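Colleague: The listed protein sequences correspond, in order, to chains A and B. Residue numbering for the first sequence follows numbering that gives the first Met the number 0, beginning at 0 and increasing consecutively. Residue numbering for the second sequence follows numbering that gives the first Met the number 0, beginning at 0 and increasing consecutively.
Just so you know, the hints here were simulated from the structure itself, not pulled from any lab data. Note that the structure is a prediction, hence the values are computed from the model and not measured. Check the hints yourself; a few may be wrong.
If several chains are the same, the list does not tell them apart, and a pair holds so long as it fits within one copy or across any two.
[Claimed, not checked] Mimicking BS3-like on lysine-lysine, the simulated pairs with C-alpha atoms at most 27 angstroms apart in a straight line are:
#1 K340 - K248
#2 K11 - K460
#3 K248 - K460
#4 K63 - K460
2 protein chains.
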Amino acid sequence: MNGAEAFIGTLKACGVDVCFANPGTSEMQLVAAIDREPGMRAILGLFEGVVTGAADGYGRMADKPAVTLLHLGPGLGNGLANLHNARRAATPMINMVGDHATYHLHHDAPLTSDVISVAKPMSDWVRVSRSERDLAQAGAEAFCIAQSYPGKIATVIVPADHAWTEGSAVLEPQPLPAAPRSPDSVIDTAAEALKAGTGDKCLFLGGRALREETLVLAGRIAAATGARLVCETFPARLQRGAGRVPVEKLPYFGEQAEAFLKPFGTIVFCGTEPPVSFFAYPDKPSWLSPAGANLVRLASQREDTYAALSALAEALEAPAEPMGIQERAIIPAEPGKLSPKAIGAILSELIPEDTIVSDESATAGLAVYGLTAGAQRHDWLTLTGGAIGQGMPLAVGAAVACPHRKVIALQADGSGMYTNQALWTMAREELDVTTIVLNNGSYAILNIELSRVGVQNPGPKALSMLDLTRPEINWCQISEGMGVPAMRAATSEEFRNAMLEALGTRGPHLIEAIL
Amino acid sequence: MNGAEAFIGTLKACGVDVCFANPGTSEMQLVAAIDREPGMRAILGLFEGVVTGAADGYGRMADKPAVTLLHLGPGLGNGLANLHNARRAATPMINMVGDHATYHLHHDAPLTSDVISVAKPMSDWVRVSRSERDLAQAGAEAFCIAQSYPGKIATVIVPADHAWTEGSAVLEPQPLPAAPRSPDSVIDTAAEALKAGTGDKCLFLGGRALREETLVLAGRIAAATGARLVCETFPARLQRGAGRVPVEKLPYFGEQAEAFLKPFGTIVFCGTEPPVSFFAYPDKPSWLSPAGANLVRLASQREDTYAALSALAEALEAPAEPMGIQERAIIPAEPGKLSPKAIGAILSELIPEDTIVSDESATAGLAVYGLTAGAQRHDWLTLTGGAIGQGMPLAVGAAVACPHRKVIALQADGSGMYTNQALWTMAREELDVTTIVLNNGSYAILNIELSRVGVQNPGPKALSMLDLTRPEINWCQISEGMGVPAMRAATSEEFRNAMLEALGTRGPHLIEAIL
Numbered sequence: 000m001n002g003a004e005a006f007i008g009t010l011k012a013c014g015v016d017v018c019f020a021n022p023g024t025s026e027m028q029l030v031a032a033i034d035r036e037p038g039m040r041a042i043l044g045l046f047e048g049v050v051t052g053a054a055d056g057y058g059r060m061a062d063k064p065a066v067t068l069l070h071l072g073p074g075l076g077n078g079l080a081n082l083h084n085a086r087r088a089a090t091p092m093i094n095m096v097g098d099h100a101t102y103h104l105h106h107d108a109p110l111t112s113d114v115i116s117v118a119k120p121m122s123d124w125v126r127v128s129r130s131e132r133d134l135a136q137a138g139a140e141a142f143c144i145a146q147s148y149p150g151k152i153a154t155v156i157v158p159a160d161h162a163w164t165e166g167s168a169v170l171e172p173q174p175l176p177a178a179p180r181s182p183d184s185v186i187d188t189a190a191e192a193l194k195a196g197t198g199d200k201c202l203f204l205g206g207r208a209l210r211e212e213t214l215v216l217a218g219r220i221a222a223a224t225g226a227r228l229v230c231e232t233f234p235a236r237l238q239r240g241a242g243r244v245p246v247e248k249l250p251y252f253g254e255q256a257e258a259f260l261k262p263f264g265t266i267v268f269c270g271t272e273p274p275v276s277f278f279a280y281p282d283k284p285s286w287l288s289p290a291g292a293n294l295v296r297l298a299s300q301r302e303d304t305y306a307a308l309s310a311l312a313e314a315l316e317a318p319a320e321p322m323g324i325q326e327r328a329i330i331p332a333e334p335g336k337l338s339p340k341a342i343g344a345i346l347s348e349l350i351p352e353d354t355i356v357s358d359e360s361a362t363a364g365l366a367v368y369g370l371t372a373g374a375q376r377h378d379w380l381t382l383t384g385g386a387i388g389q390g391m392p393l394a395v396g397a398a399v400a401c402p403h404r405k406v407i408a409l410q411a412d413g414s415g416m417y418t419n420q421a422l423w424t425m426a427r428e429e430l431d432v433t434t435i436v437l438n439n440g441s442y443a444i445l446n447i448e449l450s451r452v453g454v455q456n457p458g459p460k461a462l463s464m465l466d467l468t469r470p471e472i473n474w475c476q477i478s479e480g481m482g483v484p485a486m487r488a489a490t491s492e493e494f495r496n497a498m499l500e501a502l503g504t505r506g507p508h509l510i511e512a513i514l
Numbered sequence: 000m001n002g003a004e005a006f007i008g009t010l011k012a013c014g015v016d017v018c019f020a021n022p023g024t025s026e027m028q029l030v031a032a033i034d035r036e037p038g039m040r041a042i043l044g045l046f047e048g049v050v051t052g053a054a055d056g057y058g059r060m061a062d063k064p065a066v067t068l069l070h071l072g073p074g075l076g077n078g079l080a081n082l083h084n085a086r087r088a089a090t091p092m093i094n095m096v097g098d099h100a101t102y103h104l105h106h107d108a109p110l111t112s113d114v115i116s117v118a119k120p121m122s123d124w125v126r127v128s129r130s131e132r133d134l135a136q137a138g139a140e141a142f143c144i145a146q147s148y149p150g151k152i153a154t155v156i157v158p159a160d161h162a163w164t165e166g167s168a169v170l171e172p173q174p175l176p177a178a179p180r181s182p183d184s185v186i187d188t189a190a191e192a193l194k195a196g197t198g199d200k201c202l203f204l205g206g207r208a209l210r211e212e213t214l215v216l217a218g219r220i221a222a223a224t225g226a227r228l229v230c231e232t233f234p235a236r237l238q239r240g241a242g243r244v245p246v247e248k249l250p251y252f253g254e255q256a257e258a259f260l261k262p263f264g265t266i267v268f269c270g271t272e273p274p275v276s277f278f279a280y281p282d283k284p285s286w287l288s289p290a291g292a293n294l295v296r297l298a299s300q301r302e303d304t305y306a307a308l309s310a311l312a313e314a315l316e317a318p319a320e321p322m323g324i325q326e327r328a329i330i331p332a333e334p335g336k337l338s339p340k341a342i343g344a345i346l347s348e349l350i351p352e353d354t355i356v357s358d359e360s361a362t363a364g365l366a367v368y369g370l371t372a373g374a375q376r377h378d379w380l381t382l383t384g385g386a387i388g389q390g391m392p393l394a395v396g397a398a399v400a401c402p403h404r405k406v407i408a409l410q411a412d413g414s415g416m417y418t419n420q421a422l423w424t425m426a427r428e429e430l431d432v433t434t435i436v437l438n439n440g441s442y443a444i445l446n447i448e449l450s451r452v453g454v455q456n457p458g459p460k461a462l463s464m465l466d467l468t469r470p471e472i473n474w475c476q477i478s479e480g481m482g483v484p485a486m487r488a489a490t491s492e493e494f495r496n497a498m499l500e501a502l503g504t505r506g507p508h509l510i511e512a513i514l
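Just chain A, same shape as in the assembly (with noise of 0.2 angstroms):
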């Protein structure tokens, strides 16, 4: 068997079984592996970076790693936006990056890069096979790495040589790492913080710490200790809604989450690290923690979140009921013209439950994640890294994860434009995805942004810069135009119609809502 066939192999053996695909030349050998492999199935994609927010998307709803099939190191380029996110995701992922033949490189051929000084910023880990036989070592090494909790980044750069060359054979699975856990004297100082603290206190969750499971331990100790639960502003994965433990989450602007944590005296951390600005702004600080508080980091996002909320409610003795759950609540919405308000109120009736929202609303979503706390239970995936065009691609990963959920893509035009190609994919697929674009025709965000960097009286060509209207977008004819049938929606009735039937059916729809 040749190193393609052994690496697939051996990738297969590790369980995976997912590849999102955007081949070249270089990859012919990979691509008739995977074709040779029946128990690995291969999605294309008609860009990278809908590949890598794809493979980011299934990660963080399957737990483990879907393996990219990407050409070269102009389509890895092309992926980093999203293998970006995905690495701020801690989610599990391998790439198989092509590369040419190991005697072809000194003669740079014309799309010779390194491939390697591409790779390295927006992976945990970063490997050249030696041999072919080396190849299938390789694979295996990336599954440990991919699975290292909660998940890493890990790619493996392919010659093509080593690819088309016999001789190889597929290894077994290596024994995965277990997760790091706290020590009990962190265990034993957060406990102490949460009991004799001043202030107010607040427990900050991210990473894995917003599951279910882990929430209600969350919550346990908030009935304990009085403590606030609030989480981290891009989760990865929250699990929320009816039925769940709620948590606040951070506001975005670095002023309000600055004005929000005021309070806390406090804060102990799990999951994830002490919240910093977004961006800097002149004269706005970077750090949002209050002066004085007590932090304590009690998990960080790579720490065992489950054992280290476990012990802590045990050092606790907390009660066996949390605090609160969350209880079922539908919005009424407004009729008239579309509004996110509206959006979220009937999402908040309609949604079934264990749906997964993709949430890359921006500033358009705002008001969608508030009114859709008391919604059927559901996942809620955001923009972990901030490069956008995560939004489409992500669905299409989670939706190849989990075919029986309803998935929803909640989308701002502007970032929905850097990944479009993804609705081929979810036609192709036939995935239960509903895309909603929130068509506001601007980078909203960027409007806003734009004072608070100091910028005053901006001018024509400053505004038509973050202007989306000349011409505007029609996303209803660029969705059928890659085959997801589309409705336009642009009053409350009008899209909840939409909705009910978008939900009403399997496969892929796309809203266009005019705000």
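Position chain B relative to chain A; hints supplied.
Modeller: Just chain B now, with coordinates in the frame of chain A:
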């Protein structure tokens, strides 16, 4: 004045007057500075690959740099593929990439990444500003680097606090470096080789040697020596058509290229290096020049090709007239079902003088190139680096550089999807670009390459990864969704009528050619 204003002012003083932009929050001060500089045109792209591809097209046609505006590491990442192509084309280009304020970086906010590392693989030169005053200095240096003959990719990373801090000033342009010249000994060696060589002789041209006036020199040398004029497979800009000195183009596939070069006993290279196979294939050579041939490097891509060929023509006492001049030749088109040949024939008849063709037509367009040899004189721009998604962005930039010339983007369907957002910029800027999408419903080149790398009997999963028909992409809908009027042509007659309409009306058009 703040650092951003001094930076933009310095670029303007150097002669840079076009900015292709996709800004984010960290670039708002640069947006404001562009706004206040009346001599700087700002052109928004809805994806960074459009931005860098447009700057490439602009630089190839204007022979001076445009500046791009990109958002942090992920925004730059999205632009890397077309930066790779631009670097291979030796296009003059300046990138300004925002970064977090210097004091914000250590907080590792979500969008933080190693911007320098992202920039390096596809830039010739990377510079981080050190202060608000140094930012202007970085701009002046970047211009000099970008204008190093024939052009380089200069990337300046702009921390947000350097942009917003007051106390900087516009700097004078620095003296530009002269293009390096081939030494006399090399001219003599080349003259000797072309006079005395055994076997057929070839003058192999690339880079700036493919401009009209330099080709006249090459044609005179051909007249003096009987050398055949051959050009690289993927020229950055080839001036061709009726009235110009014709050159033969080296075939793409390695076997054909090797056979093409086999007769030559002497090859003199000017503006490019000895060609190598685009990819490696099992049991096929990378090096294409015949063993034992006398290979002489008259001038590299970075040496003055006009000076080198002038000196060579003089040394050879070449006649005043070139060996041949391309005659006007209109090829009759077969009526009925549309084919690449028919498209080439119709273009040979219809394209007006000084049309610019951006060719990313891949397999579907091979015939078009050959059949347009006798069209009215025009410029032909190709995919220099093999990173697909260049065609339409390149056309955007060429149209901005040359507003009074017709631009045609010959666009394969698969690669067109990568940067389809370019259509929106064509509409917004009312660019006189006609995009011809060659819709064959597949990555046809990969179907060929699959067998060339030794994959026999590919199964349905492999073939599906090269197929674009499930679902079919409706380019007319996508185009109109972004504001570019579109027509569909399935026969020669329909295509001819569509071309007449597109060429007869200023502004953007798209013709979906069904093949």
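Colleague: At most 27 angstroms between C-alpha atoms: does K248 with K460 qualify within a copy, between copies, both, or neither?
Modeller: Close neither inside one copy (36 angstroms) nor across copies (43 angstroms); limit 27 angstroms.
Colleague: Is it within, between, both or neither when you check K11 against K460 at 27 angstroms Cα-Cα?
Modeller: between (53 angstroms within a copy, 16 angstroms between copies)
Colleague: Classify it for me, K340 with K248: is the Cα-Cα distance of at most 27 angstroms met within a copy, between copies, both or neither?
Modeller: Within one copy, since 18 angstroms is at most 27 angstroms while 60 angstroms is not.
Colleague: As a check of your reading, is K63 near K460 (CA-CA no more than 27 angstroms) within one copy, between copies, both or neither?
Modeller: between (46 angstroms within a copy, 23 angstroms between copies)
Figure legend: structure checked against the earlier numbered hints; the only hint not met is number 3.
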